[in-house]
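Engineer: Listed here are the chains, written in short residue letters.
Protein chains: 2
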Amino acid sequence: MRQSKTLIPTLKETPADADATSHKWLLRAGYIRQNFSGVYSFLPLGKKVLDKIEAIIREEMDAIGANEMLMPALQSADLWKETERWDAMGDELIRLKDRHNRDFVLGPTHEEIATSLIRDEVKSYKQLPLTIYQIQTKYRDERRPRFGLLRGREFIMKDAYSFHATDESLDERYQQMYQAYTRIFNRLGLNFRSVIADAGAMGGKDTHEFMALAEIGEDTIAYSSESDYAANIEMAEVLDTYQFSTEEQKELAKVDTPNQKTMQEVADFLEHDLDQGMKSLLFKADDQYVLVVTRGDHEVNEIKLKHHLHANDVELVDEDKTFELMNVGFGSIGPIGVAEDIKVICDYAVKSMANATCGANEEGVHYINVNPTRDLHDTEYADLRFVSEGDPSPDGKGVIKFAKGIEIGQVFKLGRFYAEKLAANYLNQQGKAETLTMGCYGIGVSRTLAAIVEQYHDDRGITWPVHLAPYQVHLLVLNNKPEQRELAEEIYQQLTDAGFDVLFDDRNERAGVKFADSDLIGIPYRITVGKKASEGIVEFKVRQTNEQDECHQGELVDYLNEVLN
Amino acid sequence: MRQSKTLIPTLKETPADADATSHKWLLRAGYIRQNFSGVYSFLPLGKKVLDKIEAIIREEMDAIGANEMLMPALQSADLWKETERWDAMGDELIRLKDRHNRDFVLGPTHEEIATSLIRDEVKSYKQLPLTIYQIQTKYRDERRPRFGLLRGREFIMKDAYSFHATDESLDERYQQMYQAYTRIFNRLGLNFRSVIADAGAMGGKDTHEFMALAEIGEDTIAYSSESDYAANIEMAEVLDTYQFSTEEQKELAKVDTPNQKTMQEVADFLEHDLDQGMKSLLFKADDQYVLVVTRGDHEVNEIKLKHHLHANDVELVDEDKTFELMNVGFGSIGPIGVAEDIKVICDYAVKSMANATCGANEEGVHYINVNPTRDLHDTEYADLRFVSEGDPSPDGKGVIKFAKGIEIGQVFKLGRFYAEKLAANYLNQQGKAETLTMGCYGIGVSRTLAAIVEQYHDDRGITWPVHLAPYQVHLLVLNNKPEQRELAEEIYQQLTDAGFDVLFDDRNERAGVKFADSDLIGIPYRITVGKKASEGIVEFKVRQTNEQDECHQGELVDYLNEVLN
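First to last, the protein sequences are chains A and B.
Under my numbering, the residue at position 561 of the first sequence is numbered 564, and the numbers go up by one with no gaps.
Under my numbering, the residue at position 515 of the second sequence is numbered 518, and the numbers go up by one with no gaps.
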């Protein structure tokens, strides 16, 4: 393609609204343009990379026997009301009405549509298992769209849905999908981790997220320094490996702590470290009030709390309500002498604390010398806190480290949640109706494109992996001298005839502009026709490594065949 | 692909809502399913055909140097207000609001987005001409979605936009697009006509529609019996080739025609043919009242009237208003003695009428023996009527015939309408800002799929052209006998290894079901493993022609290579 005939609007300056590295380079190198907040156009270069990513995804989905189809973005609200996601999705769900005032949504995912299709078309166990997928545009009205393609309102996803008669069949498909995702992200050249994730409210069981490692990532991954263990920080288990102190247990006593509210204030006032304090927080878990106690330097993980209590909903009780229930404010609540209708649970770390401090359930008063195994009664211990860097890895190998990740994919055993809501049954071998079980499997396609740029760039622009770059070769001609123009035209013809995908910068621009644009765009191999054109000699440069060399026109095809294959 | 592992839900009966031939077969053969009125899912077979159609379109667009990109479906209402299409599109435009109560539309086309992109990114004549295109999902809230994929609310289009400095450049691109469209529809195997069409209200100039011929078509094409002339019936010119009568002109006279309202009633009452009456209709063209006169057997073509008067809007005046203006009702208005502020125009055919009848502008009175060249004064003559079958073709070759067509594509010289509304300028060679001129070029991709089925079916199902079929070969095994199963598995492996795209009906179904499904689906070549399996002999059948033959397993690859290449 001649650069003069296509649209690659590079920018010298970084646009003010570019709030992520990938966003900056994709805008500056002319791959995308924002239409409005969270909605983008893919310009010709962006579309070419998108196609290459999609082709890899398709190959791997087809290889495991998933069936590509195409479902609509416009969805009737009725199905969403049946699954109760009409309410559950809140403002993120884009809603509209047609000319007859009927409600519709723009699909953020397609569980409803896919399940209702299979409900209507699959009748027998003989037709199962069945996996369908699509690559299609999704909609989500983000409160704060940001980071370019990483968090948009209109975006491209690959979403797959598998339908099964048995849990074993689902397990098998889940593993196949997991392996296919691993192959896809490896082929895309991404530095990624698959992490244990939270199955959330949709009644699912196992789920893994695939995270591309990147500073801009909005998720924290807890991974082992020595094994392949990795989990979303919300899900990373903390083992009960705390050692009991050998310190002598002192006598429990009350002390005045006037106006000391926070853990830090109390610790400073009583002149001990933060980890000698016991932090007590009152939660409402469905209809039950629960006092949760952690060590002062630890943070309660509400997802763990929810799972431990098998609760649908967990929320912190506000100070007024706390006062009403416990007759004392936030600063001085504690686990000793709590009313019977309030359940007390402590994080494992609390059990081994010695001579610790906690609120005494009297305003401005704390207990000191609390020894939980001695002083707390009717108390459960559980893993309730967020993991910290340096904690032992739950698989027993190495210690936990943190990294930031961009969620690019998720595999999810949905189970029977949607099938039950939508009455999606099949007839088993005995002719009896049973509920289908399901998996769903997503890849954020446009987000993955941005994640690749987060990992493949330098200070001059994008440095695409060879097989994802919009073109294989960038051919530059430095000026309008006839010998340069002629040689460049010859080479363009020669390489195109040999089957290479070439972008030919034939524009009437200064050499400096062409070099800068070429670095921005990031095509892996650059051929520059310059001063030595009359000798048939050109410059050959590798974008990722900056290696460069002179090369005779006659050697180009062989050389390119060598580096590209 | 094994048929047991994919989703091809064939139907024995035609669904009640299938209101077009293509709709019926696409539903029955399991290519599509309706999600709700006017919105469809493409099942695996449908998606495969869609991909093949899209690939042909892409090849031809790329071959003429159009640049593929991808614009969003979600569009800010602001641009639509700037071009005034926010109002002009009426209820067909799907509107929505985001969480911040801002207005959006779901794009029915992308002139606004494309023009604003080029306005922002293209600055100089050096970057022109430039053509962009996309294959993307469009939305239109049809009052009455029908005919399956032919008139839906969510549908797939290829839309291209070209931007030019000069009219000559636009003319050149228009011709290239016209040729590319001709190649595309030829490659898709369609029986189509390109027809002269109406440029409509958007200020455009030349435009051609590409019509697939089909009985279900909502457009009437007027074409020549002897040349390649074809036009939308709205646009087909009628030449002024009428012969004056040799009949003696009689004296103009008034006759009473009490209660005779319609042309037919008056003709019967006065005992003459319909074509001896002059039909007068009062229109309002912008702010001007115009009395339009045609022969009694002809119909006024409002588009011709609008063009003749250079009016933006033309509408028939109702009877009350007619009475107010002319002091007489519909039945008795006529062109003689009309008030000066009402313009009179007659269709060419009126000029040569002899001793004709027209309303006398008195209730229940008509003139007889009207001879227009003698009795009508200050009257213009023009081509104002719809063409009829048998009229001479405007190119002088043959006579006009009618056919029904499905509009599958349109090429359109938009000119400067959008560029002016959106201030899309470029700097010319003198550094002076000038307005861009534009073309736009659409293909209804999902509609084209349906149009192909309208032309390729028989009474048992779809009869795909070879290169558009979802698979090349349909392999059937008739029962579960080991020798049949084994041979079928061997052939499946053999053909797949040889690179053929095979659908293998490995289901545990009766032979009759398999044959019926295979006919419905319409894969061009069918191989049936049946009774002679133990001898390695199979049946080979061509779907379109029903030719069938026996064939030894060992000959299959060669035979398929021969028929497929």
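Wrong hints could be hidden among the right ones.
Note: identical chains are not told apart, hence a pair may lie in one copy or across any two.
Stated by the list, open to error - Quick list of in silico lysine-lysine cross-link-like pairs, DSS-like style, CA-CA up to 30 Å: (1) K8 to K346; (2) K424 to K257; (3) K50 to K424; (4) K15 to K264; (5) K354 to K50; (6) K517 to K129; (7) K535 to K8; (8) K55 to K8; (9) K84 to K126; (10) K534 to K27; (11) K424 to K100; (12) K208 to K15; (13) K407 to K84; (14) K517 to K126; (15) K84 to K50; (16) K100 to K84; (17) K424 to K435; (18) K27 to K257; (19) K324 to K407.
Calculated from the structure, these hints are not laboratory results.
Engineer: Which earlier hints turn out false for this structure, listed by number in ascending order?
Structural biologist: Result: hints 1, 2, 4, 5, 10, 12, 13, 18, 19 break, sorted rising.
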